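Peer 1: Use the sequences and the hints to build the structure in full.
Below are the chains, spelled out letter by letter.
Protein chains: 4
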Amino acid sequence: MSELRRPVKQMDIKAKMTVDELVKEMGGAAFGAGRLAEALDVYEAMLRDDTTKFFGLAGAMVPAGMRKIIMGLIEDGYIDVLVTTGANLVHDLIEVWGGHHYRGTSVADDIELHRQQINRIFDVFLPEGHFSTFEKKLLDVFAAIDAKDMSIRELLTQIGRRVGADSIIGAAARKNVPIFCPAIADSAIGLQAWLHTQTHKLNVDTFKDMHEFMDICYNANRTGALFVGGGVPKNFILQSMIVTPKGGFDYAIQLTIDRPETGGLSGATLDEAKSWGKVGEEARAVTVYADATITLPILVATVRERLERK
Amino acid sequence: MSELRRPVKQMDIKAKMTVDELVKEMGGAAFGAGRLAEALDVYEAMLRDDTTKFFGLAGAMVPAGMRKIIMGLIEDGYIDVLVTTGANLVHDLIEVWGGHHYRGTSVADDIELHRQQINRIFDVFLPEGHFSTFEKKLLDVFAAIDAKDMSIRELLTQIGRRVGADSIIGAAARKNVPIFCPAIADSAIGLQAWLHTQTHKLNVDTFKDMHEFMDICYNANRTGALFVGGGVPKNFILQSMIVTPKGGFDYAIQLTIDRPETGGLSGATLDEAKSWGKVGEEARAVTVYADATITLPILVATVRERLERK
Amino acid sequence: MSELRRPVKQMDIKAKMTVDELVKEMGGAAFGAGRLAEALDVYEAMLRDDTTKFFGLAGAMVPAGMRKIIMGLIEDGYIDVLVTTGANLVHDLIEVWGGHHYRGTSVADDIELHRQQINRIFDVFLPEGHFSTFEKKLLDVFAAIDAKDMSIRELLTQIGRRVGADSIIGAAARKNVPIFCPAIADSAIGLQAWLHTQTHKLNVDTFKDMHEFMDICYNANRTGALFVGGGVPKNFILQSMIVTPKGGFDYAIQLTIDRPETGGLSGATLDEAKSWGKVGEEARAVTVYADATITLPILVATVRERLERK
Amino acid sequence: MSELRRPVKQMDIKAKMTVDELVKEMGGAAFGAGRLAEALDVYEAMLRDDTTKFFGLAGAMVPAGMRKIIMGLIEDGYIDVLVTTGANLVHDLIEVWGGHHYRGTSVADDIELHRQQINRIFDVFLPEGHFSTFEKKLLDVFAAIDAKDMSIRELLTQIGRRVGADSIIGAAARKNVPIFCPAIADSAIGLQAWLHTQTHKLNVDTFKDMHEFMDICYNANRTGALFVGGGVPKNFILQSMIVTPKGGFDYAIQLTIDRPETGGLSGATLDEAKSWGKVGEEARAVTVYADATITLPILVATVRERLERK
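Protein chains in written order, with the numbering used here: chain A, 13 to 322; chain B, 13 to 322; chain C, 13 to 322; chain D, 13 to 322.
Honestly, the hints are just simulated from the structure, not real lab data. Predicted model only: the values in this text are computed from it and were never measured. Be aware that a few hints might be false.
Intra- or inter-copy, both count: the list cannot distinguish identical chains.
[As the list claims (entries may be wrong)] Within a straight-line C-alpha distance of at most 27 Å, the following computed BS3-like cross-link-like pairs (lysine-lysine) qualify:
1) Lys-80 / Lys-213
2) Lys-36 / Lys-26
3) Lys-160 / Lys-148
4) Lys-148 / Lys-322
5) Lys-21 / Lys-160
6) Lys-160 / Lys-213
7) Lys-28 / Lys-148
8) Lys-148 / Lys-21
9) Lys-149 / Lys-213
10) Lys-322 / Lys-26
11) Lys-28 / Lys-80
12) Lys-21 / Lys-80
13) Lys-149 / Lys-322
14) Lys-160 / Lys-187
15) Lys-149 / Lys-160
16) Lys-80 / Lys-36
17) Lys-28 / Lys-322
18) Lys-28 / Lys-258
19) Lys-21 / Lys-187
20) Lys-148 / Lys-80
21) Lys-149 / Lys-258
22) Lys-187 / Lys-28
23) Lys-36 / Lys-149
24) Lys-80 / Lys-258
Peer 2: Here you go:
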C-alpha cells in the first residue's frame with residue numbers, strides 16, 4: 013500500500029502565528045487547506061524558476077480590495093504578463109481617478125439603490141457619479157492618444173502612461189508589463205470608446221495582440237500561470253500554449269469556486285487542460301476551490317515571505 | 013398575512029406527460045421547479061411581446077448538444093441578437109465542417125488522452141484532428157474575405173455566408189441575425205487569425221461593433237434577454253442598457269449554476285442588475301439555478317408549444 | 013481511438029414533446045442532460061431488476077412540492093425502504109393534518125416575517141400556526157402509542173397508522189414500507205417528544221433499527237438506491253452495505269448539487285463510494301448535478317412511462 | 013447616500029504578516045475576505061460575552077486535519093456544547109486508537125483502492141484495517157459500559173472516559189463538555205452497536221438527550237453558535253432556540269460552501285433562520301462561503317490572539 017506514506021498531520025493552531033506558519037500547518041492537512049499549501053509550493057517554485065509568469069485576473073477583484081496586491085506583484089516582478097477583464101481595469105481607473113468602492117450589504121433593496129444612483133456588486137456599493145468622472149477622464153485620454161492602428165495592449169499602455177503609478181494599469185505601463193484584455197469592448201471602456209468614436213478616429217485591432225502574445229509564448233523558456241477565477245483571462249492564457257512547440261504550462265494554479273460538471277472553461281480542471289496540451293504532462297498544477305479574496309492574499313503573503321527568506 | 017395566498021401544490025407526476033404538462037406541475041412547486049415554471053411564463057411573455065430578443069450564450073453549449081436548439085430559435089425568429097463566446101462558434105464550425113463531438117467520460121486519464129490527441133471537455137471528447145480541418149477551412153474563408161476594415165459582427169457574417177445553413181453561424185447569416193462576440197480573439201478563431209495575419213491583411217476593429225449594438229438598443233421598443241451562463245455575453249448585453257435612455261431590460265432570464273457571493277458578474281443576481289439600471293425596476297426577471305443543458309431544452313420545448321397553441 | 017464511438021447528437025426540441033421524448037433527446041447530449049438520460053436508464057434497470065429499492069430523501073422536498081411523487085412511488089411499489097430526515101416527515105404531517113406550505117419569495121424581510129409568525133424555507137413560507145396544530149396532533153398520537161421499547165422505524169409506523177393515507181408516512185404504513193430516520197430527534201418530532209416525555213414514558217431505542225435495517229440488507233438479492241440530496245439518509249443507506257457479505261449496491265443514482273472537494277459525504281462521488289465497497293465495482297452508478305426539484309419529476313415521469321410500456 | 017461610509021480599503025499584503033494582521037487587512041475588503049474579518053469580530057464578541065457557546069461540527073473535519081483545533085477549543089473553554097456527526101467521532105476514535113488518515117489524491121482508481129482495502133474521502137486515504145482496530149476497541153468499551161438506559165450524550169461521555177485525552181471525545185469527557193450526536197446510528201459506531209447488541213444489552217434512548225439539551229438552552233444567559241458545515245449539527249442547535257422563551261441565538265457564524273437555493277437547511281442563510289426565531293432579530297450573524305479547512309484555522313488563530321491580548 014505504497015499510497016499510505018503521508019499521514020494527515022492534525023493542524024496545530026495558536027495565537028500569534030504568522031501566515032507562513034499557518035500555511036505550513038495547512039500543509040499537513042487535506043481538502044482545501046492541503047491544496048492551498050500545495051498551491052504555495054507550486055507558486056514558490058514557479059517564481060524561483062526561470063519562468064515567464066502569466067497572471068489571469070477575472071472576477072470583481074478590484075472592487076473587492078485586491079487591487080494593491082496585483083499592483084505589488086507587478087512592481088516586484090512577479091507578473092510578466094497580465095490578462096484581465098475590462099471590468100477590473102475600469103474599477104482600477106475609477107480608483108486612480110479619485111473614486112472609491114464602498115462596503116455595502118448583499119441583501120439590499122436594489123430598486124431603492126437604483127433611485128439613489130448606487131450600483132451594487134454583491135456587498136460593494138459604487139456611486140454612479142464615479143462613472144461620470146471616469147468617463148470624462150477616459151475621453152480626455154482617448155483624445156490625447158494618437159489614433160493610428162494599435163492593439164488592445166498598446167491602447168492599455170497608452171492609458172497606463174497617462175494615469176498614476178498607484179494603479180494596476182499605471183504600474184504595468186511603468187514596469188513594461190503588458191496587459192491583455194481581449195474582451196475590452198465588454199466594459200465601460202468599450203462604452204466610452206463608442207462615445208469617442210462617434211466623433212473621433214480610434215483604430216484598435218482585435219487580432220493584433222495575438223502576435224505579441226504568441227511571441228511571448230514562443231520566446232518563453234519555462235512558463236507558469238496563476239489564475240484568479242476563470243473567464244476570458246484563463247482561456248486566453250491557456251489556448252496560446254496549444255500552438256507553441258514547447259508544450260503546455262510548467263506551472264499552473266487556479267483559485268476559483270467554479271466547478272467542472274457543466275462543462276464551462278472557467279470550471280474546467282487543470283487535468284482536463286492537460287488533454288489539450290494547455291498544461292504540460294509533467295506540470296505542477298493545483299486548483300484551490302475557495303473564494304479568491306481569501307486565498308490570494310494568503311498565497312501572496314506567504315510566497316513573499318519565502319522568497320525574501322531565500 | 014397577505015403573503016400566504018399561493019399554497020404549494022404537490023406535483024402530480026404520471027407516465028406520458030408532455031413537457032408542458034410537467035412544467036405546469038412545476039408551477040405549483042417551489043425552489044428550482046417553481047423558478048423554471050416562472051422562467052417559462054417570462055419567456056412566453058417576452059416572445060409574445062414586441063421585444064427585441066437578446067440571447068447570451070456562454071459555456072460549452074455546442075459540444076454539449078445544444079447547437080440545434082439555438083439554430084432553431086434563430087430560424088424561427090426567437091433570437092434577434094446573439095452574443096456568444098468564440099468557443100461556441102468554433103465548435104459550431106467544427107460540426108458544420110464535418111466534425112463531431114463525442115460522448116466520453118469525466119473521469120479520464122488526461123495524459124493518455126493527450127497522447128491519443130483527444131481533447132476533453134468534461135465528459136465530451138474532441139479529436140485534435142478536427143481542428144486541422146477547422147484551421148484549413150477557416151484560413152480559406154479568411155482568404156476569401158475582403159480585408160477592409162470591419163467589425164467582429166461583420167467578420168462573423170462573412171464567415172456565416174460561407175458555411176452551411178445547418179449551423180448557428182450559417183443560420184444567423186441567412187436570417188440576418190447579428191452575432192456579437194467581443195472576445196473572439198480568445199478562441200481558435202483568434203489563433204487562426206494570428207496565422208492568417210502573418211501573411212495577409214485583416215482589419216477587425218475592436219470597438220466598431222459598439223455602434224451597431226447600441227443602435228439596436230436605442231431602436232428597441234421593449235427588450236428581453238435570455239442568458240445561458242454568464243461571462244462576456246451576459247455582461248455585454250446588460251451593460252448596453254445602462255446608457256440608453258429607455259432604461260433596463262423588460263424581461264430577463266438566466267439559466268446558470270454560478271453564485272453571487274464571490275462578486276463575479278456571471279453569478280450576479282438580476283436584482284443586483286436592477287441597481288445598475290441594466291434590468292428595469294418593473295422587469296419580469298428570474299434566475300433558474302441548474303445545469304442549462306437540462307433547463308434550456310425544457311424551456312424551449314414548452315415555450316414552442318405555448319406559442320404554437322394560439 | 014476506441015473512445016470516439018458515440019458522437020454527441022445535437023438535441024432536437026419541438027413543441028408537444030412528451031417528457032420521455034425529451035429525455036431521449038438528452039440521451040444524445042452531454043453534461044447534465046446526458047447524465048439525466050443515463051440516470052433514467054439506470055433507474056429503469058434498477059426497478060425492472062429483482063432489487064431491494066432504497067430511497068434516500070434529504071433536503072426540504074416536501075415543502076418544495078415533491079411529496080405526492082414520493083407517496084406515489086411508495087404506493088406503486090417503487091420504494092422498498094425509505095430513509096429520510098425528520099424535517100420531511102414533519103412537513104408531511106403538517107400537510108396531512110390540514111396545513112399548507114406557501115409560495116413566497118427568497119428575498120424577504122426575515123425580521124418582518126418573524127413578527128408575522130411566518131417561517132421561511134428559501135422561497136416557501138410556512139405559518140407558525142401550522143406548528144401548533146402539528147404539536148397538538150402529534151401529542152395525541154404519542155399519547156395513544158404503547159410506550160414499550162420500540163425502534164424509530166416502529167414509532168414512525170405507529171404514527172403512520174394514525175394519519176391519512178394521503179401522506180408519505182401514512183402510505184408507507186399501509187404498504188408496509190419501513191421508514192428509517194436516524195436523526196429523528198433533530199426535528200419538530202424530537203421537540204414534541206421532549207414535551208411528551210416530561211410527563212409520559214416513551215422508549216425509542218437509538219440502535220434498535222440497525223437490526224431490521226441490516227436484515228433487509230442481508231436478505232436482499234440485488235440492491236439499488238436513489239438518493240435525493242445527501243445527508244444522513246445517503247450515509248445510512250450506503251454504510252450498511254460495507255458489512256454485508258454481498259458487496260456494495262448494484263445500482264445507485266444521486267440527484268444533488270453538493271460537490272466533493274470539501275470532503276463531506278453529501279457531495280462525495282459514487283466512485284469514492286466504490287473504494288469503501290458501499291457501491292459495487294460493477295455497479296451502474298450516476299450522479300446528476302442539478303436541483304432535484306427539476307430532475308426528480310423528470311426521472312419519475314419517464315421511468316413510469318417506460319415501465320408501463322411493457 | 014448614507015450607505016457610502018466605508019470605502020473598501022485595498023489590502024496591503026507583505027511578507028511576515030501574522031494571521032491577525034492578514035485578517036485586519038481583510039477587514040477593509042469585501043466578498044469572502046470582508047466576511048471572514050466580520051466573522052472574527054462576531055466570534056471574538058461571542059467568546060468575550062457571557063454566552064453559552066455551541067459548536068456544530070459537520071463534514072469530514074477530522075480526516076481533513078481539524079481535530080486538534082476542536083480539541084484545543086474544548087480544552088480552553090471555547091466550546092460549551094458540541095454537536096457533531098457520528099463520522100467525526102469515528103475518525104477521532106480511529107486516531108486516538110493509533111490509526112492515521114493519509115494524504116492521497118482526489119483523482120484515483122477507486123476500484124483499485126477497494127482491492128487494496130483503502131477507503132477514500134476526497135483526497136484522504138484511510139486503510140480499512142484501521143476499522144478492525146476501531147471495532148475491537150469499541151466493542152471492548154461497549155462491554156465495559158453499564159447497560160442501563162442512557163442518552164446518546166451519556167454514551168459518548170462513557171466512551172470519552174475510556175479513551176485518551178488527546179482526542180475530541182476524550183477531551184470533552186474530561187472538561188465536562190457534552191457531545192450531542194443525534195444521528196449516531198448513522199456511523200461506524202452504529203454498526204458496532206448493531207454487532208454488540210446481537211448478544212448484549214445496550215439501551216440508548218433517542219429522545220433522552222432533548223431534556224439535557226433543552227435545559228442548557230433554557231439556562232443560558234446569552235447564546236452563540238459556530239457552525240462548520242450544516243447537516244444535523246446545525247439544525248439540532250438552531251431548532252432548540254425556537255421553543256425557549258428567550259428567543260434566538262445572539263451570535264451565529266457559519267463556515268460553509270452550501271448554498272440556499274435548493275432549500276436544504278445546510279445552505280439556508282442565517283437571515284432565513286431569523287424568520288423562524290432560531291437566530292435573534294438583533295443577532296450578530298455572518299456566513300463565510302469558503303472551504304472551512306481554510307477559514308476555521310484562520311478564525312481560531314486570530315480569535316486566540318485577540319483573546320490573549322485581552
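Peer 1: Against each hint, give a clear statement of whether it holds in the structure.
Peer 2: Against the structure, the hints:
1. Within a single copy, Lys-80 and Lys-213 get their C-alpha atoms no closer than 34 Å, and across copies no closer than 40 Å, so neither meets the 27 Å cut-off.
2. With identical chains, the CA atoms of Lys-36 and Lys-26 are at most 27 Å apart both within one copy (13 Å) and between copies (17 Å).
3. In this homomeric assembly, Lys-160 and Lys-148 come within 27 Å of each other (Cα to Cα) only inside a single copy, at 22 Å, whereas the closest approach across copies is 32 Å.
4. Proximity of Lys-148 to Lys-322 under the C-alpha cut-off of 27 Å is found in neither arrangement, the shortest distances being 46 Å within a copy and 50 Å between copies.
5. In this homomeric assembly, Lys-21 and Lys-160 never come within 27 Å of each other (Cα to Cα): the closest approach is 60 Å inside a single copy and 38 Å across copies.
6. Both within a single protomer and between protomers do Lys-160 and Lys-213 lie at most 27 Å apart by alpha-carbon distance, with minima of 8 Å and 16 Å respectively.
7. Proximity of Lys-28 and Lys-148 under a CA criterion of 27 Å is satisfied in neither setting, with 47 Å inside one chain copy and 41 Å between copies.
8. Taking identical chains as interchangeable, the C-alpha atoms of Lys-148 and Lys-21 lie at most 27 Å apart only when they sit on different chains, with a minimum of 25 Å there against 57 Å within one chain.
9. In this homomeric assembly, Lys-149 and Lys-213 come within 27 Å of each other (Cα to Cα) only inside a single copy, at 18 Å, whereas the closest approach across copies is 34 Å.
10. Both within a single protomer and between protomers do Lys-322 and Lys-26 lie at most 27 Å apart by alpha-carbon distance, with minima of 26 Å and 15 Å respectively.
11. Taking the shortest alpha-carbon separations for Lys-28 and Lys-80, both the intra-copy value of 25 Å and the inter-copy value of 17 Å come in at or below 27 Å.
12. For the identical chains of this complex, Lys-21 and Lys-80 are inter-copy neighbours only, at 9 Å across copies versus 34 Å inside a copy, given an alpha-carbon limit of 27 Å.
13. With identical chains, the CA atoms of Lys-149 and Lys-322 are never at most 27 Å apart, being 43 Å at best within one copy and 48 Å at best between copies.
14. In this assembly of identical chains, Lys-160 and Lys-187 lie within 27 Å of each other by CA distance solely inside one copy; the values are 24 Å within and 35 Å between copies.
15. In the homo-oligomer, the alpha carbons of Lys-149 and Lys-160 lie at most 27 Å apart inside one protomer (20 Å), although the nearest pairing across protomers, at 32 Å, exceeds that limit.
16. In this homomeric assembly, Lys-80 and Lys-36 come within 27 Å of each other (Cα to Cα) both inside a single copy, at 25 Å, and across copies, at 15 Å.
17. In this assembly of identical chains, the alpha carbons of Lys-28 and Lys-322 lie at most 27 Å apart whether taken from the same copy (23 Å) or from different copies (13 Å).
18. For a Cα distance limit of 27 Å, the shortest separation of Lys-28 from Lys-258 qualifies neither inside one copy, at 45 Å, nor across copies, at 37 Å.
19. Proximity of Lys-21 to Lys-187 under the C-alpha cut-off of 27 Å is restricted to the inter-copy arrangement: shortest distance 24 Å between copies versus 42 Å within a copy.
20. In this assembly of identical chains, Lys-148 and Lys-80 lie within 27 Å of each other by CA distance solely inside one copy; the values are 24 Å within and 45 Å between copies.
21. In this assembly of identical chains, the alpha carbons of Lys-149 and Lys-258 lie at most 27 Å apart only when taken from different copies (26 Å versus 43 Å within one copy).
22. For the identical chains of this complex, Lys-187 and Lys-28 are inter-copy neighbours only, at 25 Å across copies versus 36 Å inside a copy, given an alpha-carbon limit of 27 Å.
23. When the C-alpha separation of Lys-36 and Lys-149 is checked against a cutoff of 27 Å, the pair qualifies neither within a copy, at 46 Å, nor between copies, at 33 Å.
24. Within a single copy, Lys-80 and Lys-258 get their C-alpha atoms no closer than 33 Å, and across copies no closer than 37 Å, so neither meets the 27 Å cut-off.
Of the numbered hints listed earlier, those contradicted by the structure are 1, 4, 5, 7, 13, 18, 23, 24.
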